[in-house]
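**Student:** Could you put together the complete structure from these sequences and hints?
Chains as they are written, first to last, in the numbering used here: chain A, 817 to 918; chain B, 369 to 879.
Mixed in with the good hints, there may be bad ones.
To be verified - DEER-style ranges, computed between Cβ atoms:
no.	chain 1	residue 1	chain 2	residue 2	range
1	B	N454	A	L870	19 to 29 Å
2	A	M817	B	S439	48 to 58 Å
3	B	N454	A	T885	17 to 27 Å
Stated by the list, open to error - No farther apart than 25 Å at their CA atoms in a straight line, the calculated lysine to aspartate or glutamate pairs in the DMTMM-like style are these:
no.	chain 1	residue 1	chain 2	residue 2
4	B	K542	A	D909
5	B	K684	A	E852
6	B	K592	B	D660
7	B	K542	A	D914
8	B	K542	B	E490
9	A	K917	A	E821
10	B	K687	A	E852
11	B	K684	B	E752
12	A	K917	B	E755
13	B	K687	A	E821
The set of hints was computed from the structure by calculation and includes no laboratory data.
The model shown is predicted, which means the values in this text are computed figures rather than measured ones.
Backbone N, C-alpha and C fix where the C-beta goes; we use that ideal spot for every residue, glycine too.
Here is what each chain is made of, one letter per residue.
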Amino acid sequence: MLSVEQFLTLGAILFCIGLFGALTKRNIIIVLVSIELMLNAVNINLLTFARFGLMPSINGQIFTLFTMTIAAAELAVGLAVLISLYRNRNTSDVRDQDLMKW
Amino acid sequence: MNGINGVTQLAFSDVWRVMAPEILLVLGGFLILVLDLFMNKESSRRLSPQLGILFLIAAFVMTIRNFGLVSDQTAGGTGELLNLSNMLYVLDDFGNVFKLLFTAGTALVLLMSIDFFKQNPEVKVAEYTYLMLFATTGAMVMASSLDLITLFVGLELLSISSYVLVAMRRNHAKSAEGGMKYLVIGSIASAMALYGMSFLYGVTGQTNLAYGAQTVIQMWLQFKPLLTLAFLLMLIGFGVKVSLVPFHQWSPDTYEGAPNPVTAFLAVVSKAAGFALILRTFLWGFSGVFGDVYIYLVILAALTMVVGNVAALSQKNIKRLLAYSSVAQAGYLLLPLAVLGKGKSIDNIWLALGQTSFYLVAYLFMTMGAFAVLTVVTRQAGNETLEAFRGLWKRAPFLAVSMAVFVLSMAGMPLTAGFIGKFYIFLGTINTEMYWLGGLLFATSAIAFYYYFGVLKAMFLKDSAVQSHDKIQVPVSLTVTIAIGLIGTLALGIFPDLLMKFLNGLHWFGQ
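**Tutor:** Structure representation (structure tokens):
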């Protein structure tokens, strides 16, 4: 039987990996994937609390459905903007996005 | 509700009472979407923005009607808010004030956009217009919802629409770059806020802020670290949306890359929506324990005022200068909420909400006006540096004088709306005896005067860089926007009571 702490730790680890990837990776596609990882960590958290919380309720699962839908929409827009960016600049490297500085 | 054999039915009229403006805007958005399929390109380009403005005005009128509904409900004396689905969505004057701001702001943005469409034939007008309407709907949901799920959906509706709007000019590299930066940072912020929300849900066991607030108070002693973590994560997530320092780095780049009307939209409507979300979440969810967490808000507000104004000093690009100035304004706007932690009496909440709303209205007028002037001037000069404003007084006195008024209002010159707004916020810091914050407000305003004088000096004292003293042609739509901004800024500066009386008489949370 897994305990609530183990699920929350898994969520926290995933969230930190996602945050680290989003802030350090050079390819924008990997950055977007890392953001998805962060959102999935949130989903694990919500589902844990829906099952084991102080006052478990169905709301957490409903929240997860909304999160997944919106994450998909966000990623779709992200890829569309990335395509537009690639057509203009011919690169998807984070370090090349330097047209505007300070 | 009509009871039929014990089964209750949610009639459309009940929904309409609570969310009429939202329904109108969504209808308008879909109407424009469908009409675009059936009309030829020319008439769609002409009609879409006009239809959009029409629906925004309709939503504005319905919001004014809602003030009456709220005061009727309060006079009824049951002490209950007009709400849908067990406090999922409420109708109160707090939401109404913000809805007025959003609809008026977006209507002005669409008015400015008419000229932008003429200059950029490659932009898809209908898409742009319905995205604006949907974004405004998202902002409204953020201002009136009391449930974490609905609040999050509203936030994302606004954010995702804004990402697309920023990156709308497809063959414009800066536009795409600004959009990408906004998208990446905005998505990380949403994930952070969501992670915070998940802890809040875990401790309270429900997603509703109205019911969850009681549980937060009960659980505070036992789960203080976890709840503080939830508060901080949500603050970071929302702080990115309103560009609080140190989460402001996206805003200068995005503001520079976005088309001018979209920049104005981000600066006014999106920022106001972020503040509505912050006030709604923290004043409801954390109201009982606000004294323990307000210190983080104070730190962020102080940092934002200082860094925003100092960073603006070295800017040569006028849009970046306005971006940093809008970062600084976010600091001023956070102050009324931040000082609430010390003032325990309930009256201070209504005062703080009045101060924030007054400053947001003033900010709406001056920012819209400034961006309209900027659009004309930078297009004629062909660049966006301060050089473009050189000798504007000789080329176009009307533009120069209006820009001077807007800029002085942002700096906080007496007789303009910006001064009165700042003065009310300053009084709030005195009321709650946070004198050093009031002092900081004054000190940073002094810095602001310095860089705004750079703009004034370029307009009035220097000679034009371009030899030909061509008269600048100002399109009608932009003239109207500038005139509205000018009238609003001066009227609120000279007769602040007009708005302040109205704000003081409101039933903010339906009390």
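**Student:** If a hint holds in the structure, say so; if it doesn't, say that too.
**Tutor:** Now the hints, each set against the structure:
1. Roughly 20 Å separates the CB atoms of N454 (chain B) and L870 (chain A), a value that falls within the hinted 19 to 29 Å.
2. Hint check: M817 (chain A) to S439 (chain B), Cβ distance near 55 Å, so the stated range 48 to 58 Å holds.
3. For N454 (chain B) and T885 (chain A), the Cβ-Cβ distance of about 23 Å falls inside the hinted range of 17 to 27 Å, so the restraint holds.
4. Proposed proximity of K542 (chain B) and D909 (chain A) is supported: the alpha carbons are some 15 Å apart, at most 25 Å.
5. Restraint check: the Cα-Cα separation between K684 (chain B) and E852 (chain A) comes to about 37 Å, which exceeds 25 Å; the hinted pair is violated.
6. Pair hint K592 (chain B) plus D660 (chain B) holds up; C-alpha atoms about 10 Å apart against a cutoff of 25 Å.
7. The hinted pair formed by K542 (chain B) and D914 (chain A) meets the criterion: a straight-line CA distance of about 9 Å does not exceed 25 Å.
8. This hinted pair checks out: K542 (chain B) and E490 (chain B) have alpha carbons roughly 16 Å apart, not beyond 25 Å.
9. For the hint pairing K917 (chain A) with E821 (chain A), the CA-to-CA distance comes to about 43 Å; that exceeds 25 Å, so the pair is violated.
10. Taking the CA atoms of K687 (chain B) and E852 (chain A), the gap is about 32 Å. The hint is violated against a cut of 25 Å.
11. Distance hint between K684 (chain B) and E752 (chain B) is fulfilled; the C-alpha atoms sit about 9 Å from each other, no more than 25 Å.
12. Restraint check for K917 (chain A) and E755 (chain B): the C-alpha separation of about 19 Å stays at or below 25 Å, so the hint holds.
13. Restraint check for K687 (chain B) and E821 (chain A): the C-alpha separation of about 48 Å exceeds 25 Å, so the hint is violated.
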